[in-house]
Amino acid sequence: MNYNWNWGIFFEQSPEGTGTYADMLLSGLVWTIATALCSWIIAFFLGSLIGVMRTLPSKGANAVGTAYVELFRNIPLLVQMFLWYFVLPEVLPQAWGNALKQLPNAPFYTGVVCLGFFTASRVAEQVRAGIQSLPRGQRLAGTAMGFTVYQTYRYVLLPNAYRIILPPMTSEFLNNLKNTSVALTIGLLELTARARSMQEFSFQVFEAFTAATILYVLINLVVILLASLLERSVAVPGQR
Amino acid sequence: MTQSKFDRRGIVAALALGAAVVSAGAQAQELTGTLKKVKDTNALTIGYRDSSVPFSYLDGDQKPVGYAMDICLKIAEAVKKELKLPGMEVKLNPVTSATRIPLIANGTIDLECGSTTNNADRQKQAAFTNTHFLTATRYVSKKDAKLHTIDDLKGKTVVSTSGTTNIKQINEANTAKSMGLTILPAKDHAEAFLMVETGRAVAFVMDDVLLASLVAGSKTPDAYEISTEALSKPEPYGIMLRKDDAPFKAVADAATKALYESPEGKALYSKWFEKPIPPRNINLKLPMSEAMAKQFKSPSDSADPAAY
Amino acid sequence: MFSNFDFGVVFGSLPYLFGQGMVFTVTLTALAAGMGVILGTLLAMARLSGVPGLKHVAKVYVELMRSLPLVLVIFWFYFLVPYIGAYLTGASRPIQVGAFSSALITFTLFEAAYFSEIMRAGIQSIPKGQTGAAYALGMTYAQTMITVVLPQAFRNMLPLLLTQTIVLFQDTSLVYVLSLTDFLGAASKVAQRDGRLVEMYLFAAVVYFAVCFSASFLVRRLQRRVAIIR
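Residue numbers (my numbering), protein chains in the order written: chain A, 1 to 240; chain B, 241 to 548; chain C, 549 to 778.
Think of the hints as simulated: they come from the structure by calculation, not from any bench.
Heads up, the beta-carbon is just placed ideally off N, CA and C, and yes, glycines get one too.
There could be a bad hint or two in this list.
Cβ-Cβ distance ranges computed for the label pairs, FRET-style [as the list claims (entries may be wrong)]: (1) A:Ala235 / C:Phe761: 35 to 45 Å; (2) A:Gln94 / B:Ser529: 36 to 46 Å; (3) B:Pro527 / C:Phe761: 51 to 61 Å; (4) B:Lys459 / C:Phe559: 12 to 22 Å; (5) C:Val605 / B:Ala283: 28 to 38 Å; (6) A:Leu56 / B:Asp301: 31 to 41 Å; (7) A:Ile224 / C:Thr688: 31 to 41 Å; (8) B:Ser418 / A:Gln94: 29 to 39 Å; (9) C:Arg769 / B:Lys364: 50 to 60 Å; (10) A:Leu71 / C:Ile674: 53 to 63 Å; (11) B:Thr460 / C:Phe559: 21 to 31 Å; (12) A:Ile41 / B:Asn282: 54 to 64 Å; (13) B:Lys515 / C:Ala763: 22 to 32 Å; (14) A:Gln138 / C:Gln771: 22 to 32 Å.
Derived list of chain B stretches under chain A, where covered just means 3 residues or more per stretch with a C-beta under 8 Å from a C-beta of chain A [claimed, not checked]: (15) 321 to 331; (16) 434 to 444; (17) 524 to 534.
Given these sequences and hints, build the entire structure.
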């Protein structure tokens with residue numbers, strides 16, 4: 001194979017002058033993790049809200065929830081990135097649009113919001129499935145106890161539902177983490193983007209992508225480990 | 241098997257091989273590298289760019305055209321003649337700044353026709369045929385931003401195309417002068433220019449000729465200006481080929497040399513830089529510089545800016 | 549607000565958007581889904597086979613693919629496939645793989661990991677008694693799989709396989725990073741050429757939504773029809 005392997009490349013200075021190529025990849029890793037965590041916060045709360053709305057007795061809430069999920073699930077993430085980044089500032093009043101564009105770190109905020117809204121639609125489906133998998137008696141028992149709808153969800157349905165959906169939520173979290181790489185198209189310098197620029201500067205394609213691959217596998221393993229610890233710590237004693 | 245027997249066989253084999261090489265040399269040169277591949281597959285693949293106006297870009301029908309594309313078609317003609325393959329197919333494959341070098345190396349494309357700077361670093365990865373243009377790194381910004389020098393950019397967000405020498409240069413300048421820039425990488429020149437157009441970045445750092453073309457092709461050419469200060473000396477552009485492939489490079493060098501030295505070379509230059517070009521019949525009005533005229537008189541493939 | 553937007557640019561470029569872009573997207577989706585399901589089924593069978601080496605290779609492959617972002621995998625394969633091809637065919641130089649074939653290989657190999665998880669669940673959903681019965685009738689492993697297990701597994705998993713295909717249809721838009729002309733690539737090329745981002749990206753979003761929404765609606769109807777009542 002006509003390729004010059006050079007694994008020492010990671011310890012060479014990158015042309016950005018801020019450190020070695022290894023530092024460059026690690027800074028990408030930090031952005032990947034930061035984007036994944038921040039967008040997950042939006043996805044988790046918004047997704048739970050939408051998911052709950054789809055299980056409420058109210059027809060209106062149901063319709064809003066369904067519309068949200070269908071809208072965000074049926075448009076490719078990359079297109080959604082472009083809509084948030086390029087289209088949104090143009091259709092807002094001009095002053096707002098300009099303010100948005102002037103934001104420092106605009107790709108990061110855009111990426112976080114876009115991923116948050118996108119993943120929320122998937123979280124919503126999990127939350128809904130979790131609530132609907134509970135025996136009907138639980139909701140009725142809540143009502144019989146004189147709980148309001150809010151209290152029924154807060155104290156009866158949601159604590160159970162979240163425990164049930166912890167495994168699928170873990171894989172949604174991992175999907176969200178992987179999806180951060182789509183934000184490289186709007187200029188976010190996350191791990192894949194960093195591997196790509198390392199390849200461009202040093203021409204060591206395979207070393208750069210191998211390193212990125214290993215880092216992604218490692219974060220996946222860490223997340224899976226943390227999720228199983230969480231699962232154990234929140235398990236209701238005696239169940240299962 | 242005894243040692244002596246093995247040796248004898250080895251010698252016989254070496255002699256036979258030597259004889260074969262000599263006789264092949266006497267009859268016709270054995271094809272190697274890209275030429276062999278083209279002969280075997282009856283096709284040559286040209287890598288083109290989306291938006292390197294006027295070197296290699298998509299016209300109104302989304303077909304790749306441009307100055308470098310015309311040069312590459314000349315090289316393809318020469319290859320066709322050299323290999324006596326009248327039916328040779330010319331395939332086209334889109335490339336970006338980020339993908340061009342790996343795609344040359346992995347054989348997806350045979351010629352990269354665009355605006356690729358020929359420098360010493362890249363010569364470790366690829367070869368270049370005779371220089372077809374000279375350009376310096378500058379930046380474009382909106383007129384009302386009133387930016388002219390490199391120092392004017394301090395603390396601002398700028399964009400450049402990923403995988404280019406320009407993004408490397410601005411990164412280096414950023415570090416050397418501690419300018420506090422935020423540097424966004426864009427997929428291609430059109431996307432990078434768009435970032436300036438939509439206000440996502442104040443300036444786009446790129447080869448000045450590409451900036452001039454992008455400005456001329458924009459909706460409001462009067463709204464932009466190109467920096468007075470340059471970030472680099474004029475650097476050569478070359479058509480990129482696979483490295484360590486002397487026979488193919490010889491064909492490409494001969495074809496480009498013949499083209500540049502003939503009146504056809506000047507006509508080609510003028511077709512793309514001094515006359516209206518598709519898709520919107522913009523005239524770039526860039527007469528040939530002295531250095532370029534010199535280059536066309538005695539073509540060179542040197543990567544050293546001082547050679548021009 | 550939309551007064552200075554020109555949606556005429558959309559109509560002018562319709563032949564290009566659909567004739568080239570959508571054809572690329574749909575062909576890529578259909579071929580990659582077909583080949584991905586086949587490869588995915590083989591991977592699922594390998595994982596469930598109990599053959600020590602095979603089982604582990606399949607598991608590592610599936611888990612690796614599932615832990616990587618698609619964008620990274622796209623870059624990997626675009627640069628790597630010619631070398632793999634040369635290695636497989638014993639050629640001395642990287643073999644030439646066109647942009648479309650490269651994308652097709654990438655999506656097939658990537659989605660196969662996801663299809664394999666679906667098929668694994670599908671195969672496991674078939675009660676053990678059925679395979680036992682097939683073996684008791686003297687059927688071989690291949691006969692059991694082809695005539696008894698897989699047809700039912702496919703039927704049970706059809707809605708999930710189709711849903712994954714809709715995801716694949718959306719994911720193909722990521723070939724944008726390679727500058728290939730899929731539907732989104734075509735839209736963005738027109739958008740950048742004419743400086744009409746807002747119109748083109750909104751239009752692209754509407755088209756993707758219309759296609760995916762109707763497709764998932766049909767899948768849900770299908771789901772109700774094929775559901776086996778146990």
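So, going through the hints one by one against the coordinates:
no.: 1; hint: A:Ala235 / C:Phe761: 35 to 45 Å; in the structure: 38 Å, holds
no.: 2; hint: A:Gln94 / B:Ser529: 36 to 46 Å; in the structure: 41 Å, holds
no.: 3; hint: B:Pro527 / C:Phe761: 51 to 61 Å; in the structure: 55 Å, holds
no.: 4; hint: B:Lys459 / C:Phe559: 12 to 22 Å; in the structure: 19 Å, holds
no.: 5; hint: C:Val605 / B:Ala283: 28 to 38 Å; in the structure: 36 Å, holds
no.: 6; hint: A:Leu56 / B:Asp301: 31 to 41 Å; in the structure: 53 Å, violated
no.: 7; hint: A:Ile224 / C:Thr688: 31 to 41 Å; in the structure: 38 Å, holds
no.: 8; hint: B:Ser418 / A:Gln94: 29 to 39 Å; in the structure: 34 Å, holds
no.: 9; hint: C:Arg769 / B:Lys364: 50 to 60 Å; in the structure: 59 Å, holds
no.: 10; hint: A:Leu71 / C:Ile674: 53 to 63 Å; in the structure: 37 Å, violated
no.: 11; hint: B:Thr460 / C:Phe559: 21 to 31 Å; in the structure: 24 Å, holds
no.: 12; hint: A:Ile41 / B:Asn282: 54 to 64 Å; in the structure: 57 Å, holds
no.: 13; hint: B:Lys515 / C:Ala763: 22 to 32 Å; in the structure: 49 Å, violated
no.: 14; hint: A:Gln138 / C:Gln771: 22 to 32 Å; in the structure: 26 Å, holds
no.: 15; hint: 321 to 331; in the structure: violated (count 0)
no.: 16; hint: 434 to 444; in the structure: holds (count 5)
no.: 17; hint: 524 to 534; in the structure: violated (count 0)
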